[in-house]
Amino acid sequence: MSQNLFSDDLLSFIDEWKDKPGNLIMVLHRVQSEVGYISREAADEVSRLLDVPLATIWGVVTFYHFFKLTKPGKYNIQVCLGTACYLKGGDIIVEELEKLKGLKVDSLTEDGLFSLQAVRCVGCCGLAPVMTIGGEVFGKVSKDQIPGILDKFS
Amino acid sequence: MGFKNYILVCGGTGCESSKSDLIYKTLIEEAKAQGVADQVQVIKTGCFGFCEQGPIVKVLPEDSFYVKVKPEDARELISEHVIKGREVTRLLYNKTPKKPLEQVEDIQFYQKQLRIVLRNCGVIDPENIDDYIANDGYVALEKALFDMSEDDIIEEVKKSGLRGRGGAGFPTWMKWNFTKQAEGDVKYVVCNADEGDPGAYMDRSTLEGDPHSVLEAMTICGKAIGAHQGYIYIRAEYPLAIHRLEIAMKQAREYGLLGKNILGSGFDYDIEIRLGAGAFVCGEETALLQSIEGHRGMPQPRPPFPAVKGLWGKPTVINNVETWANIPVIIAKGGDEFAKVGTADSHGTKVFALTGKVCNSGLVEVPMGTTLREIVFDIGGGIANGRKFKAVQTGGPSGGVITEENLDTPIDFGGLQRIGSMMGSGGMIVMDDSDCIVDVAKFYLEFTRDESCGKCFPCRIGGKSLYNLLDKITIGNGTEEDIEELKTIAHAMQKGSLCALGQTAPNPVLSTLRYFPEEYEAHIRDKKCPAGKCKKLIRYQIDPNKCIGCTACSRKCPVGAISGELKKPHSINQSACIKCGVCRQTCKFSAITVE
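Residue numbers (the working numbering), protein chains in the order written: chain Z, 1 to 154; chain V, 155 to 749.
Be aware that a few hints might be false.
[To be verified] Here are the computed lysine-lysine pairs in the DSS-like style, where the Cα-Cα straight-line distance is at most 30 Å:
#: 1; chain 1: V; residue 1: K626; chain 2: Z; residue 2: K152
#: 2; chain 1: Z; residue 1: K140; chain 2: V; residue 2: K179
#: 3; chain 1: Z; residue 1: K143; chain 2: V; residue 2: K173
#: 4; chain 1: Z; residue 1: K99; chain 2: V; residue 2: K179
#: 5; chain 1: V; residue 1: K179; chain 2: Z; residue 2: K101
Just so you know, these hints were derived from the structure itself, not from any lab.
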């Protein structure tokens with residue numbers, strides 16, 4: 001079971017952290033970076049490996065915004081809605097993505113290509129408004145640039 | 155050594171996202187290709203602060219300050235500047251050849267700044283410990299380990315008058331002293347790098363540009379309070395900062411500056427990184443400790459304070475990144491020297507993330523006591539796009555707005571509190587006359603509503619109620635009673651919430667009500683948004699005297715709400731209009747107005 005779900009790398013990481021106090025969040029980070037999100041199966045597996053009740057894991061996963069409960073798209077789009085980006089029109093980017101791709105915040109396009117997240121400050125306020133796609137940062141984004149940016153990802 | 159030129163490329167997150175990494179690599183390739191690889195050293199540094207003009211490249215020894223550099227400019231920088239010794243004028247900030255003796259500090263953006271916290275950002279290679287050591291790095295640690303007692307260290311911090319830069323401004327030496335005096339063999343040192351304030355990024359830049367300063371400071375504190383383990387709690391959203399911290403910790407261990415028997419002093423100390431997971435409330439110290447322990451980040455009642463009962467129930471010092479970055483300077487140069495900078499109430503400097511509708515966005519570090527006017531207009535270059543200054547918001551979701559009449563207030567902890575705002579972590583967001591103040595208050599309440607941990611009801615229910623009222627006002631359904639209701643809930647939250655998140659969440663509402671009552675009234679009584687932001691309350695109209703009938707707007711309108719004949723004034727069908735504003739952006743004759 002576990003062999004299929006988690007890589008050997010991940011299993012040895014969990015083994016290394018198993019007896020350290022406060023390990024749960026660190027382990028969940030590693031799981032998410034490998035699996036892409038915290039699936040029910042992954043949570044079950046972490047519960048078994050760390051001997052932590054599933055309810056505790058679910059409590060932690062739902063508390064922190066960083067942990068995702070649904071599978072992200074091939075390219076995850078993050079639109080910054082921190083204060084500087086909001087004032088400079090971050091919400092317009094969100095509206096435009098919905099118009100162009102039918103993408104709503106925290107959802108996925110039908111083809112599974114893009115998912116959309118609204119985030120609070122990615123820390124480059126000088127470039128506001130900012131969006132990131134698959135980790136690449138796009139700054140000073142205007143409405144008419146968005147189709148061109150999306151075309152780069154397929 | 156002995157290079158003819160040193161090229162410093164900004165490797166902060168802002169510039170990296172504008173391809174500074176590619177600029178760095180291309181410069182190295184070009185130097186090789188043009189046969190001058192032995193004459194020039196290319197170094198990737200931390201943030202220069204002038205993010206508006208990024209990516210930034212600085213060439214030494216001439217001190218040439220190149221801005222908005224592109225990877226394809228690398229060839230010319232090598233062939234002209236390095237080989238022929240001629241500056242590439244078109245890329246210089248001033249676009250004119252540099253005068254003799256002119257320095258980067260003469261650029262207006264830098265003139266009023268004083269860099270203590272950011273002393274090494276944009277100066278050293280953060281991934282090379284030798285660079286840090288060459289700039290007096292670890293001098294303070296050596297002094298603390300060999301020449302100072304535990305009490306001497308705390309006394310020096312006391313003399314400096316350093317107050318916590320994370321928001322509340324609690325005297326740093328007192329935290330250390332309480333923890334030192336607390337009973338127990340095991341004690342911990344924690345660095346709060348969970349910079350959650352939307353619009354602030356000084357902690358990230360410090361860690362990216364000068365990670366060793368934080369490691370050094372935490373080790374000094376470990377000696378002072380008798381701790382042997384430190385934790386850095388950092389946002390998972392800051393991968394570059396985490397990466398550089400990991401490199402720095404590895405190098406420090408190799409040099410015997412972390413680990414067992416540091417520098418042969420017999421003192422053992424090590425540091426571990428723990429990742430946050432995107433919860434604003436984890437900036438609150440008791441919630442942060444819960445999170446390090448692997449739990450949901452729920453604040454705990456204080457007392458007991460972490461100094462007595464902190465991480466895993468042991469006495470713990472928690473300071474934020476910016477506070478830590480001051481410590482090596484204080485120990486190396488003395489607390490008295492540090493205390494010479496600033497005001498009677500607050501010593502030293504403060505780093506602000508200056509953003510919003512200002513010409514020069516960026517990170518600025520100024521002595522305490524500098525006025526807001528100096529920051530916004532002298533350093534920031536005033537309001538962008540020729541619009542009018544409206545307010546500055548400081549302190550993020552816990553702070554308030556500051557208007558024209560208070561722009562000359564010297565900034566320190568007390569000064570900002572007196573005018574209804576607070577220092578906070580240092581976000582400074584400039585607003586112009588197109589920003590609606592009710593909408594801004596709603597923005598912050600939406601944030602604190604989402605970020606409330608839900609433990610205590612004044613914050614959980616109060617925040618949601620405030621948000622609902624503000625929403626009601628911005629869509630034109632507000633009533634006169636709503637203002638009183640806002641105030642009542644706000645005061646209840648201030649008095650009844652468990653932690654600072656709930657206690658300060660109403661500040662954006664109270665402060666905007668205090669300075670902009672007429673704007674709330676316009677929304678409620680006249681059903682109008684003076685800034686033209688709240689969609690339900692605005693109408694776009696075409697001025698028939700200015701419209702020449704070019705049809706540009708009617709062609710752009712996504713819903714076909716604009717009609718009219720060629721060369722005759724057009725009009726907008728209000729019932730079809732979706733208020734997207736495209737027509738106004740399109741019109742070249744300013745014929746379209748919002749009211």
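Status of each hint after checking the structure:
A threshold of 30 Å between alpha carbons decides the hint, and for K626/V with K152/Z the separation of about 40 Å lies outside it, so the pair is violated. Of the pairs offered as hints, the one joining K140/Z and K179/V holds, with about 24 Å between alpha carbons and a cut-off of 30 Å not exceeded. A hinted pair counts as satisfied when its Cα atoms are at most 30 Å apart, and K143/Z with K173/V qualifies at roughly 22 Å. A hinted pair counts as satisfied when its Cα atoms are at most 30 Å apart, and K99/Z with K179/V does not qualify at roughly 38 Å.
Using a Cα cut-off of 30 Å, the hinted pair K179/V and K101/Z is violated, with the two alpha carbons roughly 36 Å apart.
Violated hints, in rising order: 1, 4 and 5; the structure is consistent with all others.
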